[in-house]
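Chemist: Single-letter residue listing:
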Amino acid sequence: MTLLVRVARSDPGAPAEFRVETFHPMTVLDVLLAIQREHEPSLGFRFSCRVAMCGTCTIRVDGRSALACQTVLPEDATRLRLDPAAGFPVVRDLITDTTPFWEQWARITPYVVPADDAVGGEPAVIPPDSAEREAIDPALDCIQCGACFSSCGIAGQPRTFLGPAALNRALVLIQDSRDTATRERRELVAGADGVDRCHYIYGCTGSCPKGLDPARSIRRLRKGGRDDG
Amino acid sequence: MIAQLVFLAGFTVVTAVIIAFTGMVAVGARRTDGGTHVGAVLRSRLARRSYDRGEGNRWAFYAHRVSGFAVFAFLALHILDVSAYAWSPGMYDDVHELYSTVPMRVFECGLLAALAFHALNGLRLVAIDVWDVGPVGAARLLDAVAGLTAVLTLGGAVVIMWPALGG
Ligand code: HEM
Ligand code: SF4
Ligand code: FES
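From first to last, the protein sequence lines are chains L and R. Residue numbers for the first sequence follow the numbering used here, beginning at 1162 and rising by one. Residue numbers for the second sequence follow the numbering used here, beginning at 718 and rising by one.
These are computed hints drawn from the structure, not numbers from a lab. No false leads were slipped in.
Residues from chain R shown here face chain L by an in silico Cβ test under 7 angstroms; the list is partial: (1) N774; (2) R775; (3) L842; (4) I845; (5) P852.
All C-beta atoms, glycine included, are put in the ideal place defined by N, C-alpha and C.
Looking at chain R on its own, in the form it has when it is part of the complex (with noise of 0.2 angstroms):
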């Protein structure tokens, strides 16, 4: 019971810092760059079609920092949570069975989600660097990014959250 308490401390700090850092993204961006008016500015450049589409590529960079950054934070709190099997296998199994509740399961779709989005937009990143794709191929490239995360996180959704909803 204290040792789920202690996780459940950690997820929050994590979880906190995880919202504080996008925050500092925003505010860093809003600085430095051209292009973060949010909203209607935002939904009339992405309705924009070809060479302005060039556009989302600003974002895609800002949600790889993040989701970069969000992977890390997590990955720092489960080595903890998992090296409990050290101290003790009993702590172990009363923290991780907060692992199989339904909040727990939707944080981990949004996981999977940061996970697909960074790791197939960086190999984008290293096909722009190589092939010298230009800046309307990078937001072809980012279109097909942005489908397959969806599909692998609607994927592993159902199978997430399967066995919660009584499947």
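In isolation and in its complexed conformation, chain L is listed as follows (with noise of 0.2 angstroms):
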């Protein structure tokens, strides 16, 4: 079957609209290759790990964010079309620089800070079976594709809303038992650019490509965070 593909590019003159021959199972990913490969060798977009991992090959497919190599055509498809990730300033095509989500992500301290004495000491266990890791576990495997901070209709520049992947984090830092930075999360998160300014759009869990769900994340820092499962 034939697929025509629209994709936004930033030179206006560009060829934009390309007739795609396809197979089953084909990703976005594919569609973009084949149309590198056989009609345009300039077209702009990224990906690396083509299996959903490195969260680097996120566009709009149809509107949504989505990973290219991890959206399958549907059978039927005869019509795609393809733009940059919203909320992002485009680089070029479908190449967007990133900045604005990085930003966010850093400011939440994204990674556990240990108590001094926990260096050289024994290494902290949370059992798989305990209410600590029940809580954390369903908000853990974030890949930081952005595919949620481009598809919330609030975050991105020119605002400062720290935005859901960052949230979703901090959910899962304050939750952690060995983290010492939770009052600075806390005040974050409770502040001007944390939870609050939620729309309750659903935006990000509508888009998160490894299944999370940070709307909820985000209802729940609301609610205060720890110890509430």
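Reassemble the complex: the two chains are provided individually, in unrelated frames, and hints are given to aid placement.
Modeler: Written out as structure tokens, the structure is:
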């Protein structure tokens, strides 16, 4: 079957419509590679791992933020529209500058800050069946692809909302008993750029390629974060 | 007569401001948002079942913002035209005759729709926050909000339009 693909180009004069022969299963990344190989070598897009692990290939597929490498075309697809991820400055074609995402991510200190005396002691153990582990696990698999950020109507420049991924990570770390930066994170989360700026759009949960539920993490943070599972 | 013209001028300004605000929301949405392809893509999305229906939550956010602003903008004008009574009851009657004309009655139906949607959707947002209903639950609640808004608006429209249509 032939697929008619429309791709957003930064150069208004550049070709933007391509016909691609499909096979099954075919991913959106396969489509982009076919266009680059057969029609337009200069088409700009990013990818690296091809298996939904690196979070590099985030674009909008028919308007929705998704990983190009994970999105399989429906078998009867005849048209496809590809745009750069929203909420970011466009570098070229489908390549965006994801700095706004990383700036917010860095603000919540996205890693465990251990206590000074933790170094050299016994390794901390959080048993798999503990309440702490059960609270952390469902929010843990973030690959920082920015799909949620791009799909949120509030995150993104010029705004300063922390955004779904950073808040989701904040929840994980606030639950973590080894961490010592909880107070700073809580202040940030409850502050002007934190959970109260969520407007219940659910773009994040609807787009996360890892099946995480950042909106749920935001609701839980609003209720205090720790202990209430 | 002059008072009526002043009211109509104010009404025109309010309408223009509401339209401009709606445009601003749409342009801002286009820039920061993954979900503002109108037309064919929107229709194909709304036709999707279950999980993807969550996309409606996005449109509800914009509708909530626009309806909240529209009601507020009209309320600002309405406070002024009602306060004409303090000035002179004759002037008040003069201005308020306009409210019973057919075009104003049609506008009032629109206002009722905006108010009903904003209030019901506002309660839905509170419910989402308190009970953490999730994207699918929120979409189901939105169906209920849309249905109730339609019923309230249609019912109210009958009452509002009745005298003008010779009932
Ligand atoms: C029963 C009555 C009402 C309820 C339950 C209600 C509820 C809400 C809620 C929950 C929000 C926050 C929305 C969000 O976070 O996205 C909101 C926003 C707002 N409301 Fe209302 N509201 C009501 C009446 C009104 C009235 C009468 C006006 C106008 C005078 C109004 C104007 C606004 C405006 C301008 C916003 C800001 C919208 C935004 O920033 O997106 N509301 N309302
Ligand atoms: S929460 Fe999901 S959508 Fe957001 S950055 Fe992490 S993996 Fe991507
Ligand atoms: S190429 Fe790594 S996530 Fe798609």
